[in-house]
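2 protein chains.
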Amino acid sequence: MIELDFSKSADGLLPAIVQDYATGEVLMLAYINALAWEKSLETGKAHYWSRSRQKLWLKGESSGHIQKIHDILVDCDADTVVYVVEQLGGAACHTGHRSCFYRVVDGDRLQVKDTPVFDPAEVYGH
Amino acid sequence: MIELDFSKSADGLLPAIVQDYATGEVLMLAYINALAWEKSLETGKAHYWSRSRQKLWLKGESSGHIQKIHDILVDCDADTVVYVVEQLGGAACHTGHRSCFYRVVDGDRLQVKDTPVFDPAEVYGH
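Note that the protein sequences, when read in sequence, are chains A and B. Per numbering that gives the first Met the number 0, the very first residue in the first sequence carries number 0; after that it's consecutive. Per numbering that gives the first Met the number 0, the very first residue in the second sequence carries number 0; after that it's consecutive.
Take the hints with a grain of salt, since some may be wrong.
[What the hints assert, rightly or not] Derived CB-CB ranges, DEER-like:
| id | chain 1 | residue 1 | chain 2 | residue 2 | range |
| --- | --- | --- | --- | --- | --- |
| 1 | B | Leu57 | A | Glu60 | 40 to 46 angstroms |
| 2 | B | Tyr20 | A | Asp70 | 17 to 23 angstroms |
| 3 | B | Ala9 | A | Ala33 | 17 to 23 angstroms |
| 4 | B | Gly63 | A | Leu87 | 40 to 46 angstroms |
| 5 | B | Glu2 | A | Pro115 | 21 to 27 angstroms |
| 6 | A | Gly63 | B | Ser49 | 39 to 45 angstroms |
| 7 | B | Lys112 | A | Glu2 | 16 to 22 angstroms |
| 8 | A | Pro115 | B | Gly124 | 31 to 37 angstroms |
| 9 | A | Asp10 | B | Val103 | 32 to 38 angstroms |
| 10 | A | Ser51 | B | Pro115 | 27 to 33 angstroms |
[Unchecked claim] Derived pair list, reagent style DSS-like, types lysine-lysine, alpha-carbon separation capped at 30 angstroms:
| id | chain 1 | residue 1 | chain 2 | residue 2 |
| --- | --- | --- | --- | --- |
| 11 | A | Lys38 | B | Lys7 |
| 12 | B | Lys44 | B | Lys54 |
| 13 | B | Lys67 | A | Lys112 |
| 14 | A | Lys38 | B | Lys112 |
| 15 | B | Lys112 | A | Lys67 |
| 16 | A | Lys7 | B | Lys44 |
| 17 | A | Lys44 | B | Lys112 |
| 18 | B | Lys7 | A | Lys54 |
| 19 | A | Lys7 | B | Lys112 |
| 20 | B | Lys7 | A | Lys44 |
| 21 | A | Lys7 | B | Lys38 |
| 22 | B | Lys7 | A | Lys67 |
Source of the hints: derived by calculation from the structure; they are not laboratory data. Note that CB positions come from ideal geometry on N, CA and C, so glycine has one too.
Just chain A, same shape as in the assembly (with noise of 0.2 angstroms):
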């Protein structure tokens, strides 16, 4: 298994970027751990380490849209990644989004700049 720098953090996570593999769109940052990576090599689908949770947490396992990985890319110290993914569902946002980065800064504002995908009320149930 390729080893990862998880001394680099205090608490044991890296960052793990979440590219779309056909747009290169940026569509969500989650964070991992040792077992996540260890997951998501061995399955070919995106698992991070839930910090609000404290556990390991599928992509998808509730909504049922999981990240179908792509490929995998490993920085120059070895303490971040970029999973290049599929996003089944078309929305990698709890919001409805595509991508969690819907807003941008203009002046003192943030504008958005993308319609919801779905409605986050049916998808979640609440």
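Assemble chain B onto chain A, guided by the hints.
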């Protein structure tokens, strides 16, 4: 000024993903604190907080290879940003590669996927 949620990490640092404005390639990831964020917004040049040197870091201050910010995207939780930049000098990585993510997972190996744009010894003089 746009507020980010610096309370989300124990050390007050948030990840900034850097993406090439022309190609969409992910070039690097670095960290920002409130000061680096303020300087980036103010000057339009990417500033970070250097974790190794524990100081404000204007990317390109020694190499001259600054990053001109074209757009800044903010995520749903306001705890991660994307700097969409024009990378002067053609390479973001201290190794001379265009992107820090120049290696791709290939089974149990990392395969280098491109050649350096510059010779680090010439640019950094060491």
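Tested hints:
1. B:Leu57 to A:Glu60: 40 to 46 angstroms: Given range 40 to 46 angstroms: holds, Cβ gap about 41 angstroms.
2. B:Tyr20 to A:Asp70: 17 to 23 angstroms: About 22 angstroms separates the Cβ atoms of tyrosine 20 (chain B) and aspartate 70 (chain A), which means 17 to 23 angstroms holds.
3. B:Ala9 to A:Ala33: 17 to 23 angstroms: Check passed, 19 angstroms falls within 17 to 23 angstroms.
4. B:Gly63 to A:Leu87: 40 to 46 angstroms: 44 angstroms, holds
5. B:Glu2 to A:Pro115: 21 to 27 angstroms: Holds: the Cβ-Cβ distance is about 23 angstroms, inside 21 to 27 angstroms.
6. A:Gly63 to B:Ser49: 39 to 45 angstroms: 41 angstroms, holds
7. B:Lys112 to A:Glu2: 16 to 22 angstroms: Because 19 angstroms falls inside the window, the suggested range holds.
8. A:Pro115 to B:Gly124: 31 to 37 angstroms: 50 angstroms, violated
9. A:Asp10 to B:Val103: 32 to 38 angstroms: Hint violated: Cβ distance 27 angstroms, outside 32 to 38 angstroms.
10. A:Ser51 to B:Pro115: 27 to 33 angstroms: 40 angstroms, violated
11. A:Lys38 to B:Lys7: 25 angstroms, holds
12. B:Lys44 to B:Lys54: 16 angstroms, holds
13. B:Lys67 to A:Lys112: Since the Cα atoms of lysine 67 (chain B) and lysine 112 (chain A) sit roughly 21 angstroms apart, the hinted pair holds (cutoff 30 angstroms).
14. A:Lys38 to B:Lys112: 24 angstroms, holds
15. B:Lys112 to A:Lys67: 21 angstroms, holds
16. A:Lys7 to B:Lys44: 26 angstroms, holds
17. A:Lys44 to B:Lys112: 23 angstroms, holds
18. B:Lys7 to A:Lys54: 17 angstroms, holds
19. A:Lys7 to B:Lys112: 24 angstroms, holds
20. B:Lys7 to A:Lys44: 26 angstroms, holds
21. A:Lys7 to B:Lys38: 25 angstroms, holds
22. B:Lys7 to A:Lys67: With Cα atoms ~28 angstroms apart, lysine 7 (chain B) and lysine 67 (chain A) stay inside 30 angstroms; holds.
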